[in-house]
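Chains as they are written, first to last, in numbering that gives the first Met the number 0: chain U, 0 to 596; chain X, 0 to 240; chain F, 0 to 291; chain W, 0 to 205.
Zero decoy hints are in this set.
Reference excerpt, derived from the structure (chain U facing chain W, CB under 8 Å, subset only):
{"no.": "1", "residue": "PRO132"}
{"no.": "2", "residue": "PHE136"}
{"no.": "3", "residue": "LEU201"}
{"no.": "4", "residue": "VAL212"}
{"no.": "5", "residue": "GLN213"}
{"no.": "6", "residue": "LEU239"}
{"no.": "7", "residue": "PRO243"}
{"no.": "8", "residue": "ILE250"}
{"no.": "9", "residue": "GLY259"}
{"no.": "10", "residue": "THR260"}
{"no.": "11", "residue": "GLY281"}
{"no.": "12", "residue": "LEU285"}
Lysine-lysine pairs mimicking DSS-like chemistry, simulated, CA-CA at most 30 Å apart:
{"no.": "13", "chain 1": "X", "residue 1": "LYS122", "chain 2": "F", "residue 2": "LYS289"}
{"no.": "14", "chain 1": "X", "residue 1": "LYS57", "chain 2": "F", "residue 2": "LYS242"}
{"no.": "15", "chain 1": "X", "residue 1": "LYS150", "chain 2": "F", "residue 2": "LYS174"}
{"no.": "16", "chain 1": "X", "residue 1": "LYS100", "chain 2": "U", "residue 2": "LYS161"}
{"no.": "17", "chain 1": "X", "residue 1": "LYS44", "chain 2": "X", "residue 2": "LYS240"}
{"no.": "18", "chain 1": "U", "residue 1": "LYS73", "chain 2": "F", "residue 2": "LYS37"}
{"no.": "19", "chain 1": "F", "residue 1": "LYS164", "chain 2": "X", "residue 2": "LYS42"}
{"no.": "20", "chain 1": "X", "residue 1": "LYS57", "chain 2": "F", "residue 2": "LYS174"}
{"no.": "21", "chain 1": "X", "residue 1": "LYS42", "chain 2": "F", "residue 2": "LYS280"}
{"no.": "22", "chain 1": "F", "residue 1": "LYS279", "chain 2": "X", "residue 2": "LYS58"}
{"no.": "23", "chain 1": "F", "residue 1": "LYS279", "chain 2": "X", "residue 2": "LYS42"}
{"no.": "24", "chain 1": "F", "residue 1": "LYS85", "chain 2": "U", "residue 2": "LYS465"}
{"no.": "25", "chain 1": "U", "residue 1": "LYS138", "chain 2": "W", "residue 2": "LYS171"}
{"no.": "26", "chain 1": "F", "residue 1": "LYS289", "chain 2": "X", "residue 2": "LYS215"}
{"no.": "27", "chain 1": "W", "residue 1": "LYS21", "chain 2": "U", "residue 2": "LYS217"}
{"no.": "28", "chain 1": "X", "residue 1": "LYS31", "chain 2": "X", "residue 2": "LYS220"}
{"no.": "29", "chain 1": "U", "residue 1": "LYS161", "chain 2": "X", "residue 2": "LYS139"}
{"no.": "30", "chain 1": "X", "residue 1": "LYS95", "chain 2": "U", "residue 2": "LYS161"}
{"no.": "31", "chain 1": "F", "residue 1": "LYS174", "chain 2": "X", "residue 2": "LYS44"}
{"no.": "32", "chain 1": "F", "residue 1": "LYS289", "chain 2": "X", "residue 2": "LYS44"}
{"no.": "33", "chain 1": "X", "residue 1": "LYS70", "chain 2": "F", "residue 2": "LYS174"}
{"no.": "34", "chain 1": "F", "residue 1": "LYS289", "chain 2": "X", "residue 2": "LYS31"}
{"no.": "35", "chain 1": "U", "residue 1": "LYS73", "chain 2": "X", "residue 2": "LYS122"}
{"no.": "36", "chain 1": "X", "residue 1": "LYS91", "chain 2": "U", "residue 2": "LYS161"}
{"no.": "37", "chain 1": "F", "residue 1": "LYS168", "chain 2": "X", "residue 2": "LYS215"}
{"no.": "38", "chain 1": "F", "residue 1": "LYS289", "chain 2": "X", "residue 2": "LYS167"}
{"no.": "39", "chain 1": "X", "residue 1": "LYS104", "chain 2": "F", "residue 2": "LYS37"}
{"no.": "40", "chain 1": "F", "residue 1": "LYS174", "chain 2": "X", "residue 2": "LYS69"}
If you're looking for bench data, these hints aren't it; they were derived computationally from the structure.
Using N, Cα and C, we set each Cβ at its ideal position, and we do this for glycine too.
Each chain is listed here by its residues.
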Amino acid sequence: MAQHQHKGGGHGHDHHHHDDHGAGHHELSYWRKYIFSVDHKIIGIQYGLTALCFLFFGFSLMMIMRWQLAYPNKPIPVIGSLFPSFFPGGAMAPEMYNAFGAMHGTIMVFLGVVPMLVGAFGNYVMPLQIGAPDMAFPKLNMMSYWVYFCGGVTMLASFFVKGGAAQSGWTSYAPLSVITQPHQWGQTMWLIGMVFLITSSLLGSINFITTIVQLRAKGLTMFRLPFFVWAQFVTSFLLLLAFPPLEAAGILQLMDRVAGTSFFMPEGLVVSGQMQSYTGGGNPLLWQHLFWFLAHPEVYVLILPAMGMVAEIIASNTRKALWGYRTMVYSIIFLGFMSFIVWAHHMFITGMGQKMAAFFATTTMIISIPSVVILTAMVITLHGASIRFNVPMLFALAFLPMFAIGGLTGLPLGLPVSDIQLHDTYYVIGHFHYVVAPGTIFAIFAGIYFWFPKATGRMMNEALGKVHFVLSFIFINVAFMPMFFQGLAGVSRRLADQTGYAHGNAVQGLTRMSSWGAWMLGLSQVPFIINFFVSMFAGRKVSENPWESTTLEWSAPSPPPHGNFKSTPVVHRGPYEYGVPGIAKDYFPQHQAGAEA
Amino acid sequence: MQKTFRYGVLCAFAATLGLAGVVRAADDGVIKGKVIFKGDTDKFKRSPIDTSKDANCKKPIGSWDVILNKKTDPITIKNVVVSIKEGLGDKKFPPKTEPFKLTQKDCQYDPHIIAVMEDQPVKILNGDDTNHNIHFLPKKNTEENFSQPQKDEVTGKELKFKLEEPFKVKCDVHPWMGAHVLVFTHPYFAVTGDDGTFELKGLPPGKYVVEAWHEKFGTMKADVEVAAGKPAEKDFTFEPK
Amino acid sequence: MRRCSWRIFLAVVFGCVVLGQTSVLRAQAVAPKDTGVKIDGEYGPFLPTDISVDGYQVDRLINVLHVFMIGLFVGWGLFFAFCLVKYRQRPGHRANSVLIKAKPSKYLEIAVAIFEAVLLFGFSIPVWARVKSEFPTDDPMRVRVVAEQFAWNFHYPGADKKFGKLNPKIIDLVKNPLGRMDDDPAGKDDFVSGEFHVIEGRSVVVEILSKDVIHSFFVPVLRVKQDAIPGMRIPIWFKTKEKTAGAYEIGCAQLCGNNHFSMRAVMHVDTPEQYAAWVKKVTAPPEEFKED
Amino acid sequence: MSTAVLPYTVEPHPITRLYSGKLGIWLFLASEVMLFGALFSSYVLLRVGAPVAGPAAWPAHAETGLSWKIGGFNTLVLIISSVTMVMAWAALKTHNIGRAKAYLATTVFLALVFIVVKLTLEYIPKIQAGHTPSHNNFFALYFTLTGLHALHIIGGIIVITYFIGPGSALWKTDPEYFTNRVECTGLYWHFVDLVWIFLFPVLYLT
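Generate coordinates for the entire structure from the input sequences, incorporating the hints supplied.
As structure tokens, this is what we get:
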């Protein structure tokens, strides 16, 4: 395959090539080309940059919260005096802590990680991996992004309305979320923002499924799909079927707040000594059921694409096929299916009876098995490999033990008896942060380092990348490991100041350690930010397949032109044909014709 | 900080000038009197409050809804707000500028009645070594609800109420803590103290409707005529069953 | 660069372990905060003191699980580290394209599944059944806990062991915080306090209610946690061990608003004598409050 | 065109036998099923869990004041509109764009009849009678469910009007593509009718 000469830098979307199937293709205005683009690659990059901004913003919220936790009610250095209207006296008031907590969760999950995994990587990589010229519905794709953008703006704007942003946690449990900030906009804007984000995800998932089903290249059967595509496929089904109930729940809560209905309000509520005007007859647990029916599949939305990315990177950098590819595919389908019937394990402490608890504990134990299978398969892939320790691989490798910690610590939370002590403590925080932060976020970093050359035609700097990795790896553990011990000690989550409790005071040292870990982790991102922007313009130029990988996206030019491939690709073999005997090179790309292995 | 202070002084000066302009020096009419209780005092004993929810609230405190001054003769009522209800016409009064200090001390509000003018700053302080959460429950003004986790007898937090109305205040951490805010458009109001008397000063001569408000006994109105240079006297008598 | 990567990786892992351990060991409490009452029990980075007769079942499951988790993680981590070192890319080394038949992994997965089943059916479901259905019959104390933003109310039934009816419409936060009705004979001898008093060694049935939003009644030393959900009455039970008299903490474990962090109450485990004295003090007819 | 040339926008995929749009609309309808499914589940839960007496109790059917005659009329209107929608698609299949537009216009007209009846004979009198959403959970659900359904109807009206007007330009360049679009809209429209056919007995007859 001829080397594609890349010209110019920037985001790397030059169109100096001759594509042979761009019928009626003419130069677009700047706006249509980069802002209201319908090209899946541009949309993917838009998603990626927006999501990175939100991730950074959500992380900043948390770093400020960590100050209040480590040094309760002391003035926040620098930031406290910069925003006096947010921090009266320079310190963080508990209501502000709650608002930051709620928005940290919401932003990280719905505006950061999901758009990054699905919107950015899914959009950019998936069509390339299946050899499609674009997504099945390009205009719908553009709409998904802009609806997501509106949702993000709504969420951000809610910080500046009277009364501040939503304060009821990212779970927004009713009746708290209905009665707080009455006649104010915070929670209402949260709900409206959520409706936007849900709509965006729904449109996106329809697009993804249709694309994967309809637009696969010739010869690319379902079992020749790269694992990442499978992960996106299952994820899209989760988004498609789990999000609507939350949309319904959001509408009901909006009605409760705005129209005074009582879907989640029982009779006889007395708030602050005032009898409430709600008619009653509603049920607070209804919200929790609807919410967790979404939010448990959502957890898998957060992790499955990450697993997919890690699998891709491990296969490429072990120079070896994934061990048990089919088992992994079956496992991921099973995971997706099971994730719909485990939701109530978040609700053991709500007074759940024996039969329900037994059912949900059993399904929870069952769902842990496919996760173990996938993880084990990835580790066994390392056996007999030839491991390249480049930056994406380091992040992908670190994902494995980190996700293992996150997954294992889920066990005590899935059994109702141990959940009595650990429910809603820092143990839960530690557990899901190990899944999402050193797990998913590391996978995201791995993905960025891995596919950066595809998107820009330039490599990111290896040395800076390694510094970034080592520092991040150390400090992310310093930040999250103490949480397990705090949780065992019985410190509840969402406390603006735990030192009022004797058991909280006893582990305040751990809280400080965790805070310092978080701030250092923030500093550790500096090499990444520098690397990201500098490499965009000055990184080492590379050819279309710098990692010598087999999947289809590496057969397209870097960056791929409009329409993606120079000629319509045809697939001849499975996704991970590395080290095939009788072939001179140690990899055998999917699109290359030749003897079947 | 410096700047705010300077502006504050400037504003205060301007306000004083304004005040002087609107309320002429000749406006020296006075209404005074006391609020008398008639009835069975045993029915209105102060009961001790159970503060066991927070071990930091050590000092015993009693209920405030009715406080009778039993030492005065006749027995008078504390915490009655007497104000001009009608008779001031459409006159506008500049708000008082000195902040009204509301302290949370020994897990109760000091003072119990917060009588302020519209736009007059109310400064809320925490005099206890525990967390307080002040929650204003107005109907017309915007609801305020914030916590003060630390002892703070200096800085506090300042609020202003824009609209005339009486409403409750409570602490969300110590549910028994309660107080009342009364917002007025004019400066002619007074709260009875331990002697049960009140005095409304600086009134221009004329006919007024005066209202006495008590959180438990309700309101009572009376017509009073104020002549220049001579204090008008008016007593209110509450006879609860 | 590539050749030393795995060393860096190992150094990082090692560094983390060392750092983590020293930090945990050195994690000391900050200066204790005055909360009015001295709290008994030992608290640190692991499970706190257990004063409940049945609490050991929760602890046992947590401990067994952690031993299992650490064992699995270490074993798995050793294999992981071994692969990283042995199969690193180096001159003359090429990946083996033939996939190994990893029978051990299958056995491992089966073992994990069996172990989980044992935990589930051996340690969890029976204990949960006991928690949920085997309410004590040995004349337990009965207390009603009513949560509100942001305080706990403890409603005792008095000598007749019957709770009076509550009417939310007549709640007066100073004099009648729960809305007890005067005309209900069952409620005549009831009393309400902000402190939770139980007798050591005696089982207690607690009925949990909420006035406004969802709270969660959490007593770390009892291994008890139950959400208080408005519109519902949820009973739970526990029994304290003998010779555990002292003061312990009750916290709220579910975000309930601004002051969630300060929604704390004290549980006094009393000897029978102390309890009787307390009841006498609380139920004494109120004297008139006189200001000094 | 700014989009890349995509296969299977018009011709069906050899394996799935669907063109992309049709698969997409089916997936969309699946998510809609989940949306209305969640709301219907909430209905069941709230109705079963409603207090026996008091203001929050579930009202007896007579108290709701919902007339099955108005509801039945609207059901009929929607069913007929579904038929005209199919007729429009059939007309396109026989390459008669004029007739297709007439049928589409009839569909829009019927949908408007539905909305007007709903608004003037049901919503406004209900609210005037004090039966607002906050009155009790029956009316809360009634307004939420029918309101959401009405939003779907309005969405449908907008899309169909687009196909009568500017959208029909596609007929000249790619008639099959246009026919497919009308078919997808039809699928959506039938779904919206179907939701009403569930809503009608749930709200008006029980």
